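Each residue of the sequence shown is one higher than the last, beginning at 3 in this note's numbering.
In case anyone wonders, no lab produced these hints; they're calculated from the structure.
Quantities reported herein were computed from a predicted structural model and do not represent experimental measurements.
Heads up, the beta-carbon is just placed ideally off N, CA and C, and yes, glycines get one too.
Zero decoy hints are in this set.
Below, in silico cross-link-like pairs of lysine-lysine (DSBU-like), each with a Cα-Cα straight-line distance of 30 Å or less: (1) 70 <-> 16; (2) 109 <-> 58; (3) 147 <-> 109; (4) 109 <-> 16; (5) 58 <-> 16; (6) 133 <-> 70; (7) 133 <-> 109; (8) 133 <-> 147; (9) 58 <-> 133; (10) 43 <-> 16; (11) 58 <-> 70.
Derived Cβ-Cβ restraints for the label pairs, each shown as a range: (12) 48 <-> 13: 18 to 24 Å; (13) 95 <-> 56: 31 to 37 Å; (14) 118 <-> 16: 15 to 21 Å.
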Amino acid sequence: MEQAQMAEIYDRLKNTVYRTALAYCRNVQDAEDITHDMFLKRFAREQPFPDAESEKAWMLRVTVNACKNLLRCFRRRHSVPLDDAKELCVTPEEHTLWEAVCALPAKYRLVIHLYYYEGYSVREIAQMLRKTETAVQTQLYRARKLLREALGEEITP
Numbered sequence: 003m004e005q006a007q008m009a010e011i012y013d014r015l016k017n018t019v020y021r022t023a024l025a026y027c028r029n030v031q032d033a034e035d036i037t038h039d040m041f042l043k044r045f046a047r048e049q050p051f052p053d054a055e056s057e058k059a060w061m062l063r064v065t066v067n068a069c070k071n072l073l074r075c076f077r078r079r080h081s082v083p084l085d086d087a088k089e090l091c092v093t094p095e096e097h098t099l100w101e102a103v104c105a106l107p108a109k110y111r112l113v114i115h116l117y118y119y120e121g122y123s124v125r126e127i128a129q130m131l132r133k134t135e136t137a138v139q140t141q142l143y144r145a146r147k148l149l150r151e152a153l154g155e156e157i158t159p
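Construct all of the structure, not just a fragment, from the sequences and the given hints.
Printed below as a string of structure tokens:
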């Protein structure tokens with residue numbers, strides 16, 4: 003793979019991969035490490051993708067799996083996470099919403115991120131996470147309900 007092609011892929015997918023890792027891990031340093039590793043995996047992959055959306059879906063699936071593996075490891079379970087996500091929020095409302103989203107269980111946090119921040123449809127999320135569309139809809143419903151309870155107000159999509 004040529005350097006120009008790598009740069010194009012990186013520029014196109016870096017924010018998506020990083021934000022997904024950050025939403026899942028809730029830690030800036032871990033998200034950066036996972037993002038770095040995911041691009042190394044992508045550049046080492048010899049097989050071409052049929053289109054950009056297939057490549058993006060593959061990157062997100064590999065990113066989610068890497069996050070799950072990181073969260074399972076012994077070191078991660080027995081350490082105190084660094085909470086640097088506050089620096090990403092511009093307004094107090096965004097900070098409050100970010101904290102509420104981060105407080106959700108991982109399965110709800112991930113579907114909220116993919117649906118609202120990445121703009122994927124329920125069908126696409128179901129395919130990426132290898133779940134039924136009904137399961138994704140249920141997780142979105144429950145996540146919204148938890149956010150409403152945490153924020154004490156109605157959330158508009």
